[in-house]
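Chains as they are written, first to last, in the working numbering: chain U, 1 to 379; chain L, 1 to 379; chain S, 1 to 379; chain W, 1 to 379.
For the record, the hints were derived by calculation from the structure and aren't laboratory data. Treat the hints loosely; a few may be bogus.
Identical copies go unnamed one by one, so any copy, or any two together, can satisfy a pair.
Stated by the list, open to error - Subject to a maximum C-alpha distance of 20 Å in a straight line, what follows is the list of computed SDA-like cross-link-like pairs (lysine to any residue):
(1) 273 to 180
(2) 379 to 14
(3) 179 to 229
(4) 4 to 53
(5) 277 to 293
(6) 97 to 340
(7) 51 to 301
Number of protein chains: 4
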Amino acid sequence: MPKKIKLGILGGGGDSLIGVLHRIASHINDNYEIVGAVFNPDLGESIKFAKEIDIPTNRIYNDFETLVEEELKLPKEERIQVCSILTPNFLHFPMAKKLLENGFHVICEKPMTTTYDEAKILQKLLDKSNLVFAVTHTYTGYPMTRQMREMIKSGALGKIQKVDAQYYQGWINPIIHDKSKRGSTWRLDPEKSGISCCMGDIGVHAFNMIEFTTGLQIKSILADLNYLYDDNKMDIDGTVLVRFEGNAKGVIRSSQIATGEENGLTIAVYGDKGALKWEQENPNFLYAMSDDKPVQIYKPGHAYNSELSLDGTKLPPGHPEGIFDAMANIYLGVARAIRGEKYNSGEFPTMNDGVRGLNFIESTVKSHQQGNSWVNLIK
Amino acid sequence: MPKKIKLGILGGGGDSLIGVLHRIASHINDNYEIVGAVFNPDLGESIKFAKEIDIPTNRIYNDFETLVEEELKLPKEERIQVCSILTPNFLHFPMAKKLLENGFHVICEKPMTTTYDEAKILQKLLDKSNLVFAVTHTYTGYPMTRQMREMIKSGALGKIQKVDAQYYQGWINPIIHDKSKRGSTWRLDPEKSGISCCMGDIGVHAFNMIEFTTGLQIKSILADLNYLYDDNKMDIDGTVLVRFEGNAKGVIRSSQIATGEENGLTIAVYGDKGALKWEQENPNFLYAMSDDKPVQIYKPGHAYNSELSLDGTKLPPGHPEGIFDAMANIYLGVARAIRGEKYNSGEFPTMNDGVRGLNFIESTVKSHQQGNSWVNLIK
Amino acid sequence: MPKKIKLGILGGGGDSLIGVLHRIASHINDNYEIVGAVFNPDLGESIKFAKEIDIPTNRIYNDFETLVEEELKLPKEERIQVCSILTPNFLHFPMAKKLLENGFHVICEKPMTTTYDEAKILQKLLDKSNLVFAVTHTYTGYPMTRQMREMIKSGALGKIQKVDAQYYQGWINPIIHDKSKRGSTWRLDPEKSGISCCMGDIGVHAFNMIEFTTGLQIKSILADLNYLYDDNKMDIDGTVLVRFEGNAKGVIRSSQIATGEENGLTIAVYGDKGALKWEQENPNFLYAMSDDKPVQIYKPGHAYNSELSLDGTKLPPGHPEGIFDAMANIYLGVARAIRGEKYNSGEFPTMNDGVRGLNFIESTVKSHQQGNSWVNLIK
Amino acid sequence: MPKKIKLGILGGGGDSLIGVLHRIASHINDNYEIVGAVFNPDLGESIKFAKEIDIPTNRIYNDFETLVEEELKLPKEERIQVCSILTPNFLHFPMAKKLLENGFHVICEKPMTTTYDEAKILQKLLDKSNLVFAVTHTYTGYPMTRQMREMIKSGALGKIQKVDAQYYQGWINPIIHDKSKRGSTWRLDPEKSGISCCMGDIGVHAFNMIEFTTGLQIKSILADLNYLYDDNKMDIDGTVLVRFEGNAKGVIRSSQIATGEENGLTIAVYGDKGALKWEQENPNFLYAMSDDKPVQIYKPGHAYNSELSLDGTKLPPGHPEGIFDAMANIYLGVARAIRGEKYNSGEFPTMNDGVRGLNFIESTVKSHQQGNSWVNLIK
C-alpha cells in the first residue's frame, strides 16, 4: 500500500519560483508530504513561510546542520526520507554531501555542484550507498521528450548522424547593456555563480537534452563564447560544436541575449532513417520526419506513444497539462471568495454561468426540434 | 494569515480523471486541505482510495447525506467549508441543493444540473445565501483567456461585431459508427446524460467562453444538430447560429465526430477596432489583430498583460504551465526509486547527468579560453 | 508539337490585380500568347497599356463587339482561340454568351454571371458546343487542395460526415463603419454588384472548395447573413448551415468584417475514417488526421502525392511556389538597372555578393582542414 | 515608355528546373523577352526546346561563342542586352568573363564561379564597365527578407549582437549512405562540383542571407564540416562559427543529411533593441520580437512595410505569391482541354462550378430573407 514519502525542503521559501515548482510537483501524484524544512537562513522567516503554506512548524529548523542532526534522532519511520536542495548553487555540494553521508535520498536542483571535481566526489559517495539521487533537469519530464528518447532507443531514427540543440533567452539584455548593472549582478559574478553564466545555466540543459533523448554521449566539444563587453566576466552567449563517436556531429546554441526569446529550448535529432524535433514552448508537439513520408505530429496521451511517455500523461489527448493550472486558478479565486478577500469578476465561473449554460443547451435542442428556428435565451 | 480551507470531495475516486484534476488544482496554491470525502458509493472503496492518496480516513463517509449530517455536528472551525461535486451529472442538483441549504460553499463540475429548471432553483437558493458557488468551466482559468476578457473589457476591440467559437473532438467515432455501441453507451442515453450529448458536454463550453471573454450575453440562437444515425437519440455534432443585441452575430460549432480532432476549443472575437483569437491546444498564444498593424502574439507572464491574467501565471514567460507536470513526473520517478519499485531508466535525471553537466560546462569554458579548440569530455 | 494558344484579354488593364494574375498565370507554363485585347473601355488607354506590357497593338480593339467581329475575319489558325473575361461582373454574361455563340473558348472570372438564370443560359449554350469554359476558382489550382480532392476520391477519409469551410476577411471595416462610404461604394450597391456582397464574392469560394474537395453536392442550405447597419443593402458577413445527402452536415462561414483577417480561406473535411484540413495562407501544408494515429503533414512535390497534385508542382519539396515571384523580383531589379532607372540597393544580389560567397566557401573548407581554426574573410 | 529588355539564355533547357524558374521570373513583370539562347550543347536539342516553349528559333545558336559573335553583328537595338547563365558551375566563369568583355549585362546563377580567384577577376572586369551583373541569391527577392533588411537598416533592432542562420536539407541521404552512389555522383566529385558540396551549394545562401539582411560583413569564420564516410570527398554537413566587428557573433548551420528537412533556410537576427526571425518555408511571416512587447507578425503587402518590400508584392495581404502558380495550373488545364489533350477532372473549374456558385449565392440570400429557413439547391 502506498504511503506518502517524507520530504524535506532546503531553500525555496518566500517568493522563490523554484520553491513553488517543487512543492506543486511533489503534490501532483500524491506521493510526498513535506515534513521538515529550512526555507530560509533566518528561522523566523522560515517559520513564517511554513505558516503561510500551512504546514506544521515543529520541524522547521534553524539551519541545515540542525535539520540533519535532529532528524537522525527521530525513529526511521518518522524521519525525512528525501531532501530537495533548492538553495543557491554553492550550497548544493556541501548539503548533498552531508545528506548522502547520513543516508538521506536527494533531489538536487541543477547545477548539481559548482565544479566537476565536487561532482565526482558526490558520485563516489553515491556509488557506495543505496540512495536515490536526482538532478532536476525538468525538461526530461515532458511526455514528448520521453517519447523522443524511447523512439530513438527503439531504432526509429536509425543511426544518429546530426544533432542540433538550442536554448535561447533574451532576459539578460537589460542587465548586460548597463555597465553598472552588469558589474554588480551576482549572475555575472564568478565568485557567486561559478565558471559560466550562459552555459552553466541553460547550455547545460541543451547538452542534457541531447544525451537524454539520443542515449549517446558527446565525445568532444569546441566552444566559442560571447561576453559582449570587455568588462564582463561571464559568458552570456555561445555556440558549441559537438562530436560523437563514429562521425556524428552537432551543435549546441545557447544565449541570454537572444532578444525577445523567452525560454527557447529546442532539439532536433537526425538519423539515417528518420528525425525528431521538439520545442519546449510547444511541448505537446513532437515532429517525426523521414525522407519520403509526410511529417508526423506525435501528441501526448495517445496509445501510439511509449510507456515512458504515457506514464507522464494524466489527461486525454488535446488537454495541455497547463489545464491543471487553469483549474488551480479557479480554485484560487474560490478560495479568495470563501475567505471574503477581494477577487476579480473573472476569477471563477459562477452559478450564473451554470444557469446560462443549461439555458443554452436546452435552447439548442429546442431550436433543432422546431426545424431550426430561432429561440431566445432568457436574460 | 492564510490558513488552508477545508475541502470535501464528492466522487472523483479511483481512476477518475476529473478527480485527479481537482485534487491537483486544489493543492497548487496551498489554499485547500482535503478533510472529508465520499469518493465512491461503496464505503470500502472510498476508504481504500483515501489510503492510496494518503489522507486521513476518519471523515470518509458512507454517503453524501451522512457527510452533511456528520460535518454539521463538528465545530465550525473544523467543519468542511466547501465541497467539490465530481459525481455523475444527475447527482449535481440534489447535492448542490442540500449543500447550499446547509451552508456549505460549492465547487460544481459542469453541467451544473441536468435541466434549466433545476439550475434556476439553485440560483434562488444561492441568492438568499452568502455562499460561494463555482462551476468549473476550466478554460476560463487560462492566463490568455483571462487576458482576452480584460482586453475586450478595456475596449481594445471596440464594438464586438462577430464571434466564432469552436469545440471539435473526434472521440465518439468508434462508438457512433457501431450500432450496438451507440445503443448501449450511457453517453448516448438521454436517461443518463440529459437532453444533449455534444452541446451539453462541449458546446456549452464554447458558449461559456464567448460570454466569458466578450462580457456580452447571447440573445438568441438557431441550432442544427446532427444525430448521424436514425437510431441514435443524442446529438453528436451541431452548429448554432447566435445573435447578440445590436446586430452582432456569430456561430458556435461543436462536434464529437470531427475525426482526429482532440480537444479543439477555439475562440475568435472580432470588433470594429481589433480582434483576438485563441486555441486551447496552444493555450499560451493569444493573437491580436487589427486592420492595419502586424498581428501581435500575447504570451503569459509579461508585464504587458492584465492583472487577471498575471494572477493566473506563476512562472516567467516561455515556461508552459505544463512544466509543473514535467517536474511532477520527475518526482514520481524518484518516489518509485525510493520505494524500491520498478521504474524506467528515463524517469528522472540521475547524478550521472549532473556529473556530465559539470564536465560539459567546464569544458566549454576551457575550449573557449584555449582559443576555440577541441576538448574531450570524460567518459 | 506544342504551339502557344492564342489568348484574348477582356478587361484587366492598368493597375488591375486580376489582370496581372491572369497574365502571369498564362505565361507560366509556356502555353499561351496574348494576341488581342480590349483592356479598357477607352481605346487609347487600351493601346497605351499594350505598349506598357510590350505586346503588339494591331489587335487591340475599340470594344468587345469589334474584337469578335474582326477576329472572325481572320483565318482560323491566326484567330484568338480563348478569351479571358476580367471585366466588371455584369459584363461576364453578355461577353461569355457571345463568345460561346461564336466558337471561342472562355476563361471567366468568378462570379460567372450575376444571376443563376443567366448561368443556366450559358450552360445550355455550352452543352451544345465543343468548347472549353473555365471559371477561375483559383484556389482549386493549389497542389494541396488538389491532393485533398484526390485523397478523398480514393476513399482515404471513408464516408464524409462533417464539413467546415471558412472565408474570413476584414477589409470592408473602414467602409462599412463609415456611413457615407457604405452608401457610395459600388461594392455595396446591388445595382452594380448583384444580389450579395460577402457570399457572392468569397462565400462562394468556400462553397466551391467544399464541392471541389469532397466531390459531393450540397443539397440544401440555411443562411443567416449580417448587414450590420440598417441602411446597408448588402451582406458583409454570414453563416450558412449546409446539408448533404445521407446525414452529413456542415457549415460555411464567411465574413468581410472579421477584423485583421486577410484572406482566411480554410477547409476541414471529416470522414468516418479520417480528416483533412487546409488553409490558404499556408497553402503548402495539408493536415491529415485520424482517430488513432499521429497527424500527418502532406507537402507539395513529394512522390507520395497524387498525379493531380504533382502536376501542379514545378519545384522540389520545400520551395514555396512564391519563389517564382522572389526570382521575378530580382529580374525586376536587374531590368531597372539595365534601363538606368532608379533602384534600391537590395533589389538584386550583385557581383560583390558572389565574390563574398566564394570567399566564404573557400574559407570554410580551409578552416576545417586546418583543424577548425579561425579564418578571416577578405573585406 | 517601357520596352522589353532582350534576354539571352545559356543552359536551362529540357527539364531543367532552374530554366523554368528563370523563364517564369523573367515574364512576371513584363520586362523581358527571350530573343536568343543556347539551351543545350546539342543544337538540335536547343532548337527542339525553343519550339516546345514556342519562341523563335532564328537566334538559337550552336554554342556560346557563336552567340556572342553573331549577336555583336546585330544592330545595338536588336541585340541581346543581358544573358542569364544557367549552365553547370564550371562554365559560369568563362561565360561571364566573355559577356562582360563584350558589353553584355549578366544574370548569373550561384555560385558565381568555382573559385574565389575567378570571382575576383570578374569583379575587376565589372569595375571597369558600366554593366549590370546579378547573382541569383533568390531568397533575397522575398518581400519579407527585404522587409527584414530595411527594418534593420532603419535601426529597428539597435546594435546587432547575435545572428543564427540555418539551411537544412535531407536530400543527400539516399546517396551518401550508399557506397557506390556516393562514389559516383557528380555532386560529391570535387572535379565537377568544386571545393565544397554543402557549404558551396546551400551554406553560402545562409551566409548571403546574413549579410543581405544585416548589412554587416562577417569578419572571420571557424568551420567544422562533416563528410560522414571516410571515402567521401565532399562536405555534406557543417557548422560555421562567425564573428563580426565589435563582439557580435553568430552561427551558420548547414546540412544535406538533416533527414526529412526539405528546404529549411531560416534566419534570426538579434539586436540590443529587437530581433527578427524568418523561415523560407513560410516566407510570408516575419516575426519581430523585443524584450517587453508582444511578438509581432509582419506580412507582405501591408502599408506598414518598407518600400523595398512592397515593391516585391503584387497582391493584397493574405494572398501567398503561390497563387500565381495556382492560377497557372488552371490555365494549364484549360490549355490541355483546348488542345484536346487528356486532362484530369479537377484541373480547372468548369461552367458547372459557375452554375452551382450562382445557385448557392441566390439561395443564401433567399434563406436569409425567408427568416433563415432551409432552401434546397438545384441538382
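Next on the checklist: Cα distance capped at 20 Å. Does residue 179 pair with residue 229 within a copy, between copies, both, or neither?
Outcome noted: Classified as within; 9 Å inside a copy, 49 Å across copies.
Next on the checklist: At most 20 Å between alpha carbons: which applies to residue 4 and residue 53, within, between, both or neither?
Outcome noted: Classified as both: same-chain Cα gap 18 Å, cross-chain 8 Å, threshold 20 Å.
Checklist entry - Under a CA distance limit of 20 Å, which applies to residue 97 and residue 340: within one copy, between copies, both, or neither? => result Neither: 47 Å inside a copy, 22 Å across copies.
Item to check | Intra/inter-copy verdict for residue 273 and residue 180 if alpha-carbon distance must be at most 20 Å | outcome: So residue 273 and residue 180 pass the 20 Å test across copies only (19 Å; inside, 52 Å).
Next on the checklist: One pair to classify: residue 379 and residue 14, alpha carbons no more than 20 Å apart. Within, between, both, or neither?
Outcome noted: neither (46 Å within a copy, 40 Å between copies)
Next on the checklist: If the cut is 20 Å between Cα atoms, do residue 277 and residue 293 qualify within a copy, between copies, both or neither?
Outcome noted: both (15 Å within a copy, 18 Å between copies)
Checklist entry - For the identical chains here, do residue 51 and residue 301 meet the 20 Å Cα criterion within one copy, between copies, both, or neither? => result The answer is neither: 38 Å in one copy and 27 Å across copies each exceed 20 Å.
In this structure, the earlier hints numbered 2, 6 and 7 are contradicted, and the remaining ones agree with it.
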